[in-house]
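**Q** All chains should be modelled from the sequences, with the hints used to inform the complete structure.
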Amino acid sequence: MIAVLLILIPTLSGFISFFIKNNQGAKAFALLSSCITLAVALMGVYCSGNSYLHYDAAWLTDLGSRFTLNLDGMSKMLCLLNAVSLPIIISSTYKNNYESSGSFYGFMLLTQTGMMGVFLAADCLLFYFFWELALIPAYFLCSKWGGERRIAVTFKFFIYTFIGSLLMLVGILFLYFKTPDHSFAIQSFYNVKLSSGEENFIFWLFFIAFAIKMPVFPFHTWQPDTYEQAPTSVTMLLSGVMVKMGLYAVIRWLIPVFPHAANHFSNLIILLSVIGMLYASLIAIRQDDLKRLIAYSSIAHIGLMCAAIFASNKSGMQGVMLQMFNHGINIIGLWIVADAIEKQLGTRKFSELGGLAQRAPSLAILLMLMALANIALPLTNAFIGEFLMFSGLFKYNIWFAAAAGICIILAAVYTLNMVQKIFFGNTAALTATANDSSLNINMALIILAITVIVLGVYPQPMLQLTNDTVQAVFAPNPP
Amino acid sequence: MNLVYLIPLFPFIGFLVTGLFRKQLSKSLISIIGCGTILVSFIITVVLFFQIKENGALPVHALFPFIPANDFKIDFAFQADQLSILFSLIITGVGFLIHVYSTAYMHEEATAHYGRYFSYLNLFVFSMLMLVLGANYVIMFIGWEGVGLCSYLLIGYWFKNDNYNYAAKKAFIMNRIGDLGFLLAIFWLLSKLGTANFADVFAHAKSLTSFDITGITLLLFLGATGKSAQIPLYTWLPDAMAGPTPVSALIHAATMVTAGVYMIARSNILYSLSPIAQNVVTAVGLITALLAGTIALYQNDIKKVLAYSTVSQLGFMFIAMGVGAYTTGVFHVLTHAFFKALLFLAAGSVIHAMSGEQNITKMGGLRKKIPTTYITFLVGVLAISGFPFTSGFISKDEILVAAYEHNKIVFFLTSFAAVLTAVYMFRMLFLTFFGSFRGTSEQEHHLHESPSAIIVPLIILAILSAFGGFIQLPDAFGGDDFLNQFLSPVVPAVTHEDSGAAMKEYNILVATVIGLAIIYFATKKAFAVSQWTDVYSGFKKVIANKFYVDELYDMIVVKPLHNLAGFLKRVIERSGIDGIVNGVGSFIQYSARQLRLLQSGQIANYVVFMVVSIVVLFTVFWNQTVIINFLQKIF
Chain A
1 MIAVLLILIP TLSGFISFFI KNNQGAKAFA LLSSCITLAV ALMGVYCSGN
51 SYLHYDAAWL TDLGSRFTLN LDGMSKMLCL LNAVSLPIII SSTYKNNYES
101 SGSFYGFMLL TQTGMMGVFL AADCLLFYFF WELALIPAYF LCSKWGGERR
151 IAVTFKFFIY TFIGSLLMLV GILFLYFKTP DHSFAIQSFY NVKLSSGEEN
201 FIFWLFFIAF AIKMPVFPFH TWQPDTYEQA PTSVTMLLSG VMVKMGLYAV
251 IRWLIPVFPH AANHFSNLII LLSVIGMLYA SLIAIRQDDL KRLIAYSSIA
301 HIGLMCAAIF ASNKSGMQGV MLQMFNHGIN IIGLWIVADA IEKQLGTRKF
351 SELGGLAQRA PSLAILLMLM ALANIALPLT NAFIGEFLMF SGLFKYNIWF
401 AAAAGICIIL AAVYTLNMVQ KIFFGNTAAL TATANDSSLN INMALIILAI
451 TVIVLGVYPQ PMLQLTNDTV QAVFAPNPP
Chain B
1001 MNLVYLIPLF PFIGFLVTGL FRKQLSKSLI SIIGCGTILV SFIITVVLFF
1051 QIKENGALPV HALFPFIPAN DFKIDFAFQA DQLSILFSLI ITGVGFLIHV
1101 YSTAYMHEEA TAHYGRYFSY LNLFVFSMLM LVLGANYVIM FIGWEGVGLC
1151 SYLLIGYWFK NDNYNYAAKK AFIMNRIGDL GFLLAIFWLL SKLGTANFAD
1201 VFAHAKSLTS FDITGITLLL FLGATGKSAQ IPLYTWLPDA MAGPTPVSAL
1251 IHAATMVTAG VYMIARSNIL YSLSPIAQNV VTAVGLITAL LAGTIALYQN
1301 DIKKVLAYST VSQLGFMFIA MGVGAYTTGV FHVLTHAFFK ALLFLAAGSV
1351 IHAMSGEQNI TKMGGLRKKI PTTYITFLVG VLAISGFPFT SGFISKDEIL
1401 VAAYEHNKIV FFLTSFAAVL TAVYMFRMLF LTFFGSFRGT SEQEHHLHES
1451 PSAIIVPLII LAILSAFGGF IQLPDAFGGD DFLNQFLSPV VPAVTHEDSG
1501 AAMKEYNILV ATVIGLAIIY FATKKAFAVS QWTDVYSGFK KVIANKFYVD
1551 ELYDMIVVKP LHNLAGFLKR VIERSGIDGI VNGVGSFIQY SARQLRLLQS
1601 GQIANYVVFM VVSIVVLFTV FWNQTVIINF LQKIF
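From first to last, the protein sequence lines stand for chains A and B. Residues in the first sequence are numbered consecutively from 1, following our numbering. Residues in the second sequence are numbered consecutively from 1001, following our numbering.
No wet-lab data here; the hints were simulated from the structure. A hint or two may mislead.
[What the hints assert, rightly or not] Below 35 Å or equal to it, Euclidean Cα-Cα: the simulated DSBU-like pairs (lysine-lysine) are: (1) B:K1206 <-> A:K349; (2) B:K1504 <-> B:K1408; (3) B:K1053 <-> B:K1206; (4) B:K1023 <-> A:K343; (5) B:K1160 <-> A:K349.
Owing to the predicted nature of the structure, the values given are computational and were not obtained by experimental measurement.
**A** Next up, the structure:
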């Protein structure tokens, strides 16, 4: 029941939104509907029992595909993230006016639908359907409401993800024909028997699709451009929630379906991830653009999550699941600050900023908190996640952990650089007359900041939430 | 009822209240809250101290499970035993005096900034208390990174100045390098023992291989070199002078830099199992003590001299740790907290009197102008130089005895470092307070003694610096060895190998008296002067420029990384990976553009790809066996 509502509410309100002509009305409607989704998602977290969390209906029965949704620990966590994000995003950008708001918020809500579906689907064709459904509205959002270079950049984004999807579709169909009962159900996919040559090959078809989505080095170059050019609220949705689709899919589909290949290639993938972490961290140090800095910082953080997944260790996996949520919260916080600065001052260049703490003390304090979460300081949420992930990586291989650990230092370098260049020092021409952030931005950031601290001090409920999934992933025969 | 958690709780409340309501509260209310919370913590600490003295360590108190992972459980747990309560006494006691001092020193700040200052200060004390009261390495790490953050915030307190911001960032990043070592050590412990609780780790320490023990202790020590400013990570501490002077006192005496010493004392069971790590600790401590002592000889900024003296004194503590005299090292932390807090606060009073001037070559003759500051400063100088029966003498004397029993070379080099201490301290004393005034006439006009909120803490600290050492007076001088006995349940007491210990103590006493007399007269002749130039040449210039270590780090670490990052950004990212991608992209775009001639509008692109994909898929369906066979041949 709850699983269906999570998909139904954003879908319906998304379609309704297209017909709202009034800008303010569209905004308010989207905010209201996303809050309802959030309430449902919260109910999902606290509910147990199959009738609430599981849904199954006939869909493309001839093909062996059913409309099956399932809400387990990891799905609950990510649906919650998805549901939390949208109200925060809409309220923090409430003062922005988008041309034909109705369509804008309609696409936003549909993107949310797609992502919900990805996190819920227990049928591979359905999963693929939602995977594409999440992307298409995102393309429109970027290409219609983005920055100057939006067409070229969206095209690149599109090509990248399209190639990934295509490879995955080939893989899905291949597996489908290998299933004994010709079914797309998740359990049938788990039971597929493949020769090791087949497994090693199909594994990559899926992995590349997911790696592009995350993104993992060297499949990442769409990301900084897209994050920079997309309207900030879309960037928040992409970086806060959509990249988790890649990580989620690796845990939900890739590893259980191809356990041997995952094991076989784990060294290579962790190596790629760690190289990507170092690479992105170093590039972030040299960025002069606030949005690109956050984008590269995100690539580094995602790299760690990918590495920790393939380290296949329970604590590390717990860390990944927790960190998927935390990363969403933290990066949305950073984007809110970036947007507040860009909207007010019209620039994201560090060279044109400086001394803003004198003019905007509240924004400075809230960004500081988000920056501390970004460098995983203890008692912020990210510390718990990174601690667990590093402990898993360390168990896998001490040298990988040490090399990835260098990014802890580099993260401090670029994050503090960012804080210093924006907020400290003397005011520049642009910042001399700047105002402090408005109430809606402060409220959104305060909610995020409280989440950061609460989950940093008392992460136990979140760790328990995903415990069943962690146990299932490492069970000898996945359920 | 275990009240340990209240000790860090009060400073935390102070941090929240002064931080959140910094605009609403008046300065006097902020002062009362800021100082009061520390005072309450101090009182609780004293009560617990006597309780522990009577009944032994309190049981570990777990508030709630912090990180309940699958492979290990980490509790949010506090532990008050002899070692942690002693450190808490130093932190809250000396910390309280520094807070009181700050109320006068920072009085001219705007109210909001005044509140910000006190909230940072309270947070600093909170973090340090977490560090020493945590019952496992992870809680310790919370405090460990917390003090790093607070030093960052306070060094960059005057955030309009970019040099200060740079110094703050440098402190944080250098500390982070050490923190990585600490973290890796924790992971190592977790992966081998599945626990990070002190009690469990030490109970099972023997089950670790010697490789593991050495790896863990060396990584922990890397953490200590960051926090406690030892080679190779010491360069942040002298730059940390950018913060307000009471902050320097807090960093150097009550918090932060003693963290590394505490951590090794806490982990003494691990270190005692690894001779390699012990030798590394001794060597690093010794080299740091000598290097920093030498640099201090040619520094002209009053705070820089003190900063290098801290680095050097910390070297002494690590020498003690390395030779296995853990209690002695802790004892030196205690006495050093007294006299270094005193020296910094007195230096602050001097700077205050000199209208902000910090260059000692532009001072001189202040003895008569600010007599109370002079006398307290003198006590500090005597204590740090090891004047007989001051606190510094007793603790340094014990370090020398321990070094002597360990290794003669270590002993002689340590003694030489002790001589250096006396020389640079006397040089500073004479340049500042003797001779004739060398500042501007405007500064001379403004010269004044500081208010009582500054003077009273100075006097209290002077008394402690002079007599605080008697807590651990060796048997040879009729003392009762209190600290050794008190700490013995946590840290093995220092046992002297033979009965000749008393003889050695007397020898050191005599040598000290003669040495100090020579140094006193020699430096007085050289430095109690009316004119002074600070132009150095030759080797002196190398020393005055701190052996160019900062420049060296810049050249071999910072610049190459910076350039590599630039290369990655400009060349690899833009032309390499993205170049390939864009090449593919433009090829597709080109073909799409050709195909688009048949259609119209943007959406056409998507449609084309839909069609292409369907075609591809059908091909795959119908020919799957062919394709699979083909692929199987390849793989």
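**Q** Could you work out which of the previously given hints the structure breaks and list their numbers from low to high?
**A** 1
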